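If you read the sequences in order, they're chains A and B.
Using the numbering used here, you'd call the opening residue of the first sequence number 1022 and step up by one each time.
Using the numbering used here, you'd call the opening residue of the second sequence number 616 and step up by one each time.
The set of hints was computed from the structure by calculation and includes no laboratory data.
Reference listing, derived: stretches of chain A covered by chain B, where coverage requires no fewer than 3 residues with Cβ under 8 Å from a Cβ of chain B: (1) 1056-1068; (2) 1192-1202.
Below 30 Å or equal to it, Euclidean Cα-Cα: the simulated DSSO-like pairs (lysine-lysine) are: (3) K1004(B) x K927(B); (4) K681(B) x K1198(A); (5) K1106(A) x K681(B); (6) K798(B) x K818(B); (7) K1042(B) x K1004(B); (8) K681(B) x K1110(A); (9) K681(B) x K1105(A); (10) K901(B) x K914(B); (11) K1042(B) x K876(B); (12) K681(B) x K1170(A); (13) K1144(A) x K1110(A); (14) K945(B) x K876(B); (15) K1136(A) x K681(B).
To give an idea of the interface, some chain A residues facing chain B are shown, with a C-beta separation under 10 Å as derived from the structure: (16) R1175; (17) I1176; (18) R1177; (19) L1178.
These figures come from a predicted structure and were not determined experimentally.
Virtual Cβ for every residue (Gly too), placed ideally from N, Cα, C.
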Amino acid sequence: MFRESSARRTVRLALLLFAFAAARLPPAAAAGPSEYEVKAAFLYNFARFVEWPLDAAGVDGTFVVTVLGRDPFGSALDDTLRGKKIDDKRVVVRRVSRSEDVGRSHIVFISDSEKDRLPAILKSLDAAPVLTVGDMNQFAERGGVIRFKVDQDRIRLEINVAAAQRSRLRISSQLLKLARIVEPGMGS
Amino acid sequence: MSFLGSLTIGRKLTSISVLSSVTALLSASAAFLAYDVHTFRQSLTRRIATEAEIIGFNSASPILFKDAEAATAILNGLTAEPSVRAAAILDLGGTRFASYSREGAATPLAAPAGLPLTSQQFGPQGLLVSVPIQFEGRAVGRLLINAESRELRERQWRYAGIVAIVLACSFVLALAISRVVEKTISGPVLDLAATARRVSDGKDYTVRARPAGGDEIGALVSTFNAMLERIEGQNSDLEQARTELEKRVEARTRELAASNKELEAFSYSVSHDLRAPLRAIDGFSKALLDHCDASLDEKGRHYLQRVRAGTKRMGDLIDDMLGLAKISRKELTRQRVDLSAIAERVAAELAGRDSGHRLRVVVEAGLTATADSGLVEVLLENLMGNAWKFSSRKDDPTVQVGRVNGKGRVFYVRDNGAGFDMAYADKLFGAFQRLHSDAEFEGTGIGLATVQRIVNRHGGRVWAEGEPGKGAAFYFTLEGEA
Ligand SMILES: Nc1ncnc2c1ncn2[C@@H]1O[C@H](COP(=O)(O)OP(=O)(O)OP(=O)(O)O)[C@@H](O)[C@H]1O
Ligand SMILES: [Mg+2]
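This is chain A alone, in the form it adopts within the complex (with noise of 0.2 Å):
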């Protein structure tokens, strides 16, 4: 009752071979997505993985996603963004160069060239419940919630859960065992 014809079973061991095969080559679409584009839709992952509070930004009906400061993502947040809803709502992108334009966002994405002004910005976006994500040093220590850290080529994630607590913003496990949990002020 375990037996199988010989014929079907050379059949399968080819195909395995072939699929292991296969596996060891590259993706065909052989340059990799650059370091935005993945950033991009980490961004919109995030989304996923995170839970605003009922009466955060959107009540028209969109979700806003804003980069403060000198966007370093070039297309690849419209490209990755576009057409894309989360909780139904649909996905709006903008840009804005002073935290006082940063009005209802969901995610507000802070750019390396905010990185002097950070506290204030923060201290302007205090208790409101938005997801601040950023790619600077010491972002998460210094009361960002989500960092971004190239490491070996691989992007790692850091948390500030204490930051995402008090934007009461609910993030989920499946996201927080992916990340570093930082506390606020380790760093300096």
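Starting from the known structure of chain A, arrange chain B with the ligands on it as the hints suggest.
Leaving out everything else, chain B with the ligands in the frame of chain A:
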């Protein structure tokens, strides 16, 4: 089953019981094993599927965030499940994103082409479970887990061991039980066979087989015993009938001898008493002839002559009868008798009786017997006298006296005379029985009756062979044929 044919019943029973117990055990084990394999596979599939569900759920975020390390860490949790040989997380394009393989297991896992996202199947490598990794209701990758059934195989070996031990034990047990049963079955059969052999060898019908229980063999034994009893009963009936018969024959013989003796005594006394009146008739007829010869005419004298001839003949008859009776009454004294010498003497006497007769007598030498010599002489006188008488008309009368085959106890007296018709061969020996007329050969017909009586008294036998015109032969023995 022909190989069973030559075995003893006991061996047959043993083989049958061992065979059936082994068969029962093996088929039970096979069924049990099949069931065990089935349940084991079911439970393994359930366990691995559950595991896959959990891992699949946990792997969604690592895929979305391209965290192969985290995915690998999740897969490494499978170390706790020793039956899992290898596992892999593939992205939707089929590229391996993270993989796990238990130490020792070589090939990294890959999805065979055409494998549905959700599938569970057993193959030569064991169980291969594939589940989709889903996030928000959409597949973001696939998890493959390959679990081997080593545990099952180990279990099967254990079962095989247990079955082997149980088999050996039950084999020994069946052997022991059938030994006991064998005794109760083949024991009585062997006993029966031994009894039958004793009966057929020793003709001893008093033995009985040991009774054996109420089964078929018991019935056989009791039937056999009943048969022996019947035979024994019939034998004793037969024995009884035989002794009764013997007794009856003995009584009859005694009766016969008594009445024979009575008859002899009677005929002797009659013959004896007849002589006195006969003598008177003879004497007075002679006196009448002498005294009245002149006064009688020719006719009267002739009549008187006829009376005298009749008287003489009657006297001869009476003498012969008395002689015969005497032979019967005479005491028999057996001794070594030289028949040849007696025959020679008789021959000489016969030759002297008629000198004109050219008789040739050939007597074989060395004829002896243990008999009464006087009676043997009478016997030979009669037989040789007959031979002489009935061959006297021949040109070269010859009488031979000898022994059949040159030895043994059968003697004969043979001549080449008138012979007789074999149809009357048994009549010759009766008293006064004659086959030839007085005119042809004279005589009274008492000779062979005398011979018969003498032979009888010796316990022997006498018989005759003859052919008219060719001759006759008389055979006799003088001793009972033991
Ligand atoms: N050797 C012989 N050959 C042919 N016939 C014989 C011979 N001996 C006997 N018989 C026949 O058997 C009959 C009986 O014989 P058996 O000797 O008794 O009487 P018998 O010779 O005639 O008279 P008996 O001997 O009394 O003088 C004879 O009459 C004869 O017919
Ligand atoms: Mg005679």
